Amino acid sequence: METILKVENLKKFFPIKKGVFRTTAGRVHAVDDVSFTVKKGETLGIVGETGCGKTTLGRTILQLYKPTHGTVRFEDRIISDMKRRELLPYRRNFQMIFQDPFESLNSMHTVGYILEEPFIIHKIDNKQQRIKNVKSLLDRVGLQKNAMEKYPHEFSGGQRQRIGIARSIALNPKMIVCDEPVSALDVSIQSQILNLLMDLQNDLDLTYIFISHDLTVVRHVSDRVAVMYLGRIVEMAGADEIYTKPLHPYTKALISAIPRHSTASNIERIILKGNVPSPVNPPSGCYFHPRCPIAQEICREKYPEFKNYSLNQSEHMTSCHMAGK
Amino acid sequence: MDSGKDIILKVKNFSAGFMKDGEVYSAVDRISFNLKKGETLGIVGESGCGKSVTALSIMRLLPVPSGKYMSGEIIYNDRNLLDLSPEEMRLIRGDSIAMIFQEPMTALNPVKKIGKQISEVFEIHRSSLSRREMERETLSLLEKVGISDPEQRMNEYPHQLSGGMRQRVMIAIALACKPSILIADEPTTALDVTIQAQILDLIKELQRESGMSVIFITHDLGVISQLCDNVIVMYAGRMAEKAPVDELFKNPLHPYTAGLLDSIPKFEYKRKTRLKSIEGMVPSITDYPEGCRFRNRCTFAFEPCALNHPEETEVSENHRVNCYKYGG
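Here the protein sequences line up with chains A and B, keeping their order.
So the first sequence is numbered by this note's numbering: it starts at 1 and just counts up by one.
So the second sequence is numbered by this note's numbering: it starts at 1 and just counts up by one.
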């Protein structure tokens, strides 16, 4: 399969301004040296806890934030180097679905206008054709045509997320970054939206980057999964592989902490001590070492290299000094 | 599970609702359950199912003036909590029945030091203690809930603590007077999985030590399965099913429970396959359908469902369901 997205050494730091002269007092290392590729038609899941940088990563890939360092290549173009005016027409190729369907839709506009807007911005089709497009979009995501005249507040959370999805697929994008698309929804609605996303992927040959803190949801929709901790990817492998044979102690703890009903209650729960350290001053050496149950001397000194530990042809990358030992 | 005198709390045919534009909308409709000493009872359901209203009603904390206690009884220590005067209720609240809330940032007072917020409980319920004793108790509570450097933390404000730490402080406040019932309303929903695991562990351990009963309210069936002895499934303000936790997961009877369990992605499922789902959405409180409130989304619905709300049927020992499929 061909590569659609290549991210190399991507960094995004946010300055912390202090004092009267707004001098930079420090920097939040939100995304800290991340590299990976995404193949056409696959879903890459990104999991991690609050503040691990998964949302910033998604937004930096889409150039909603200018990266501090590194490159983002989409198909054969380096989009991180593009000027704003150059980027704008290109944006139709990569879209985003947001977490909060209550905040990501403009409450002053009708759903019809919200869905027509992408066509207006990109100067596509005439009014009549645009209305036709909107109708077919609504149909595509399972909403009635009369939704056009209504406003976002007239819909439930699940329906609003359908509107957000319709907007994101309006211009036939090739890739969509889904940022916690079902986290704000009720359990019985979540599976409806996940099914819709999977159907659309099949029908429209979409590539997804699926960001979530919910490990079970990510496993279900992803081909490969990357685990983030304090701005870095600590492990990345095929979805089945990473859940059955995790290598990094953080991944192991994360998977064991998922509350679930299991008839075989033999899963050993690893309960991590303490909290995630601040991304302003990440710990020395391996960022995970202060909470790691198997940390050694070397973990305090040196950040482990991100290497392939796979025993077969597939890739199983992790950065841990103790991996494979 | 309903016999014997080890029942500590009895909710009988209880209904509550909210006033809006001169009309009362029922949020909780004729629910009944018993809580035993030392039991952990889970109440699970989606937003708007009435699980939080149930919890708040036991504490008599429904918003004033819109909240209405409509009928039924909540019996604690042979007294109906709904009949108590506000003063009498205040003596119970925080002392023998305590509650922790979902969002520890909004539940804690942002301008009061942590230590002060804990000792406040002693000032109200244990006023015979001296200032020194209160401080000592506060310190030992903070230690008990796993907060490091309690002496220093006592003098900090909520914003200086992380989400997990704040929830630990909330738990410390709730446990200050060694309550016999702890009501936990989505206490880990705002927390990350690894922190959630810490807090669930803490609640379990504290319960083992003190033998208190816990009512645990959540939308997360995984959390329920890990923590609870018995579960009540609620839908649109009514009870759908009530069973011991393993029984509920192995043998869900109500079509809603079964649908809910099926719709959650599981590790055993093949990846990227369509998930089962419950069609439609939860009806809003202002337009509940007549009869069974789940019938519009139910694949088993037949004529009787439209007429009346199904009564509770005991299908097997301790396993009760409100559904015409099983008699009703």
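A portion of the hints provided could be inaccurate.
Below, simulated DSS-like cross-link-like pairs (lysine-lysine); rule was C-alpha separation at most 30 Å, straight line [what the hints assert, rightly or not]:
(1) B:LYS178 x A:LYS39
(2) B:LYS113 x B:LYS36
(3) A:LYS174 x B:LYS68
(4) A:LYS273 x B:LYS204
(5) A:LYS273 x B:LYS266
(6) A:LYS245 x B:LYS325
(7) B:LYS68 x B:LYS20
(8) B:LYS113 x A:LYS40
(9) B:LYS20 x A:LYS135
(10) B:LYS144 x B:LYS37
(11) A:LYS66 x A:LYS145
(12) A:LYS18 x A:LYS40
(13) A:LYS39 x B:LYS272
In case anyone wonders, no lab produced these hints; they're calculated from the structure.
From a predicted model like this one, the values you see are computed outputs, not experimental measurements.
Given the hint that LYS39 of chain A pairs with LYS272 of chain B, test it: the Cα-Cα distance must not exceed 30 Å. holds (16 Å)
Are the Cα positions of LYS144 of chain B and LYS37 of chain B separated by 30 Å at most? holds (22 Å)
Between the alpha carbons of LYS174 of chain A and LYS68 of chain B, is the straight-line distance 30 Å or under? violated (53 Å)
Holds or violated: are the alpha carbons of LYS273 of chain A and LYS204 of chain B at most 30 Å from each other? holds (17 Å)
Run the distance test for LYS20 of chain B versus LYS135 of chain A: straight-line Cα separation, threshold 30 Å. Violated, at about 36 Å.
Check the hint pairing LYS113 of chain B with LYS40 of chain A against an upper bound of 30 Å on the C-alpha distance. violated (54 Å)
Mind checking the alpha carbons of LYS68 of chain B and LYS20 of chain B for me, to see if they're no more than 30 Å apart? Distance of about 11 Å is within 30 Å: holds.
30 Å Cα cutoff - pair LYS18 of chain A, LYS40 of chain A: violated (44 Å)
Run the distance test for LYS66 of chain A versus LYS145 of chain A: straight-line Cα separation, threshold 30 Å. It is violated: about 38 Å lies between the C-alpha atoms, which goes past 30 Å.
Straight-line alpha-carbon gap LYS178 of chain B to LYS39 of chain A, limit 30 Å: Violated. LYS178 of chain B to LYS39 of chain A sits at ~57 Å, over the 30 Å cutoff.
Is the hinted pair LYS273 of chain A and LYS266 of chain B satisfied, with a Cα-Cα distance of at most 30 Å? Measuring from Cα to Cα gives roughly 27 Å; hence the hint holds.
Checking one constraint from the list: CA of LYS245 of chain A to CA of LYS325 of chain B, max 30 Å. Satisfied? Distance ~43 Å between LYS245 of chain A and LYS325 of chain B Cα, so the pair is violated.
In summary, the structure is inconsistent with hints 1, 2, 3, 6, 8, 9, 11, 12 from the numbered list given earlier, while agreeing with the others.
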